Amino acid sequence: MPNSGNANKTKVWLSLWSVYIIWGSTYYGIALAIESMPPLLAMGTRFLAATSILIVALGIKNGWRSLLIPKTEFFNASLMGGTLLGVAIGSVALGQQYVPSGIAALIISALPFWIAIFRTVDHNPPSNLSWLGVTIGFIGVAFLLKPGSVTPLNGASTGLMFFWAMVIMVGNIGWSFGSYIAPRLTMPKNPMISTMYQMLTGGSLLIVTGLATGEKFSEFFDATGASWAGWSYLTLVGSIIAYSSYVWLISNAPIGLISTYAYVNPVIAISLGAIFLHEKISVSYVFGGAIVVIGVLMVVTIESKTAGTKK
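The sequence shown begins at 83 in our numbering and counts up one residue at a time.
Worth flagging that the hints you see were computed from the coordinates, not collected in a lab. Nothing here was measured: the structure is a model prediction, and the numbers come from that model. Possibly wrong hints are sitting among the right ones.
[Stated by the list, open to error] No farther apart than 25 Å at their CA atoms in a straight line, the calculated lysine to aspartate or glutamate pairs in the DMTMM-like style are these:
1. 362 x 155
2. 143 x 155
3. 298 x 155
4. 271 x 155
5. 93 x 155
6. 228 x 361
Generate the whole structure from the sequences, applying the supplied hints.
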């Protein structure tokens, strides 16, 4: 039994570190991909390509019948895929045309704040100290998005950048809600099969939406080498490794522990954005980002201690 517990603990931390490091870098990967690819088609094809790889790998390894799952599991996996990948990732890809990658990561780091709100609605409110952390975090987000704090991308106006920042935030609410309800849903026992169906649904939704809004496959296939490099990284590393790790975590680890990625990802995203994308980092940017991270750190730390006490 102790060995089994240690093995599970090791798996939790390996999965967490893959989410910490890889997801922090996917903002850079998205920025590269959408330089010359239509955003929704880029994300949709990324997920469908990863789905195809998983289908072949899992079919060969476990047998093709292992890919068949009950209708309830299929519905729940599809719901997760549509919410987390379709809505949330789609909003990030669209938003990063105008919002610096580091700011996008900081907005998404607000996940623990939304989780706290969902808990309250679900009659399981967090502590007053947690609410203080939530308040601090939202003050940081407001500071980041005030006029003059951040330089928009692609010549966009501050108003346009603010609009797309709000779109990213709405997508993050969808991601948070999906993460919150996931442990209550009957999902495929094999996390890789769950990942496969989630990416199938999310990818299909993104492609249909992209085509319906005027994006064209001709523009997708005419992308630059840098965009293809970003797309490939997102497909092989971001989708298969990191997202599979996250899917496993939300069914096997406390949401408070999982949420710690929210204050690691922005550091990586901001660093890569500044070094490789030449995104400008102002004093206001650093100050607002620090406030957000402090708020997230407070909420996650307090909630983790509370969960440990309840156990």
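I'd like to know which numbered hints this structure contradicts. Please list them from smallest to largest. As far as the earlier hints go, 1 and 3 are violated by this structure, in ascending order.
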